[in-house]
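These protein sequence lines are chains A and B, in that order. By this note's numbering, the letter at position 24 of the first sequence is numbered 24, and the numbering carries on one by one without gaps. To convert, count from 1 in the second sequence and add 111; that's this note's numbering.
Worth flagging that the hints you see were computed from the coordinates, not collected in a lab. What you are looking at is a predicted structure, and each value in this text was computed from that prediction instead of being measured. Don't take each hint at face value.
If you only want the chain B side, here are some residues facing chain A, beta carbon under 10 Å, derived [claimed, not checked]:
# : residue
1 : 143
2 : 149
3 : 172
4 : 173
5 : 202
6 : 204
7 : 215
By construction, the Cβ of each residue, glycine as well, lies at the ideal position given by its N, Cα and C atoms.
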Amino acid sequence: DVKVTQSSRYLVKRTGEKVFLECVQDMDHENMFWYRQDPGLGLRLIYFSYDVKMKEKGDIPEGYSVSREKKERFSLILESASTNQTSMYLCAISDRQETQYFGPGTRLLVL
Amino acid sequence: KQEVTQIPAALSVPEGENLVLNCSFTDSAIYNLQWFRQDPGKGLTSLLLIQSSQREQTSGRLNASLDKSSGRSTLYIAASQPGDSATYLCAGGTSYGKLTFGQGTILTVHP
Numbered sequence: 001d002v003k004v005t006q007s008s009r010y011l012v013k014r015t016g017e018k019v020f021l022e023c024v025q026d027m028d029h030e031n032m033f034w035y036r037q038d039p040g041l042g043l044r045l046i047y048f049s050y051d052v053k054m055k056e057k058g059d060i061p062e063g064y065s066v067s068r069e070k071k072e073r074f075s076l077i078l079e080s081a082s083t084n085q086t087s088m089y090l091c092a093i094s095d096r097q098e099t100q101y102f103g104p105g106t107r108l109l110v111l
Numbered sequence: 112k113q114e115v116t117q118i119p120a121a122l123s124v125p126e127g128e129n130l131v132l133n134c135s136f137t138d139s140a141i142y143n144l145q146w147f148r149q150d151p152g153k154g155l156t157s158l159l160l161i162q163s164s165q166r167e168q169t170s171g172r173l174n175a176s177l178d179k180s181s182g183r184s185t186l187y188i189a190a191s192q193p194g195d196s197a198t199y200l201c202a203g204g205t206s207y208g209k210l211t212f213g214q215g216t217i218l219t220v221h222p
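Extracted from the complex, chain B is given alone in its bound form (with noise of 0.2 Å):
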């Protein structure tokens, strides 16, 4: 069964640090990895899908890389902002999309 584990639980920086999120996985056959932002009380919105076969994806500030060998996807945010405070989620996805989620970082940027 996949387990997905983030670290850390909670990451608070000051504002313009680049900073790093780290997913690590127990089941290397996902189909994909899927990156999420989770703002209080609301629902997920995605952030960066990197599929099997591919190591990166982008987004503006947003970097997320995949080694299914090592079973590790990280998530780059460059140059933070306020903005970016929130709970970010990965979760690895099989068959018809179904997803296994971790337990989430909760990112606060200060001023």
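The shape of chain A in the complex, shown without the other chains (with noise of 0.2 Å):
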């Protein structure tokens, strides 16, 4: 079975903190995603990673960094957060034949 691991399920973090999302995954897959979910506006994505040290911007970047240093490791970095990045994130991967895999998600509140 495929394993996506998520850092947090839940998180609180005050407004202007620098957070810290952490993605793991124990196959050998080289894409990786964030997406944040949202009620009313579905999943979007954030960023993608297709190999380690390579990030693309998805549809809704501004406000996050991402770092991948290892394969298995995909980080979703909020500079500074504000309350309307209070959100689900999700993170998942992908195979050779492109099914995606996702983790439980973490779901982050900025005060």
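Build the complex from these two chains, which are given one at a time in their own frames, with help from the hints.
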């Protein structure tokens, strides 16, 4: 079974804090993705990576950055958290057949 | 830009009914079409993936079809059960496995 692990299920942070969300896979998949999910807006792609140290912007990259130093780990960074970044964050990986496997999600609340 | 629409937004059926969920997409140049299931507060679980060269895929009581020319996909669920209650999401896949998601259909199967 493919396993995608996210560092936290729930997180509460203050406005202006720097926030790190981590995603770890136990497979050797090249592609890793970060989405956010909001009621009425659905899932939107923030960033993705197709190899170590490679990153591409998704549809809503503003206010976020990412890091992929090792193949199994993909981090999403909120440089200065704001209340409009309160959301459910989902990490996903894809295999060669491009089926995407998702982690359990991190529900972030920014106060 | 790819846009994915799902109809209906919500569906409530009695146990045992066969049902169809609809998904339409604007850009026919998709690599694949994926269907996911999401339970409340959880991540997404992949159900079926149809490559662009395929017309349908089946897994147990689920059957998904793809018609690229009309920009449509359907998910057919046979003999529905209360355990099928969840949100069902379709997504069109492009290069590097990037997905564009629909808003989802909330399915409730009542005993």
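Hint by hint, here is what the structure shows:
1. 143: It holds, given that the least Cβ distance between residue 143 of chain B and chain A is near 6 Å, below 10 Å.
2. 149: holds (9 Å)
3. 172: violated (19 Å)
4. 173: violated (14 Å)
5. 202: holds (8 Å)
6. 204: Interface hint status for residue 204 of chain B: holds (6 Å vs cutoff 10 Å).
7. 215: holds (7 Å)
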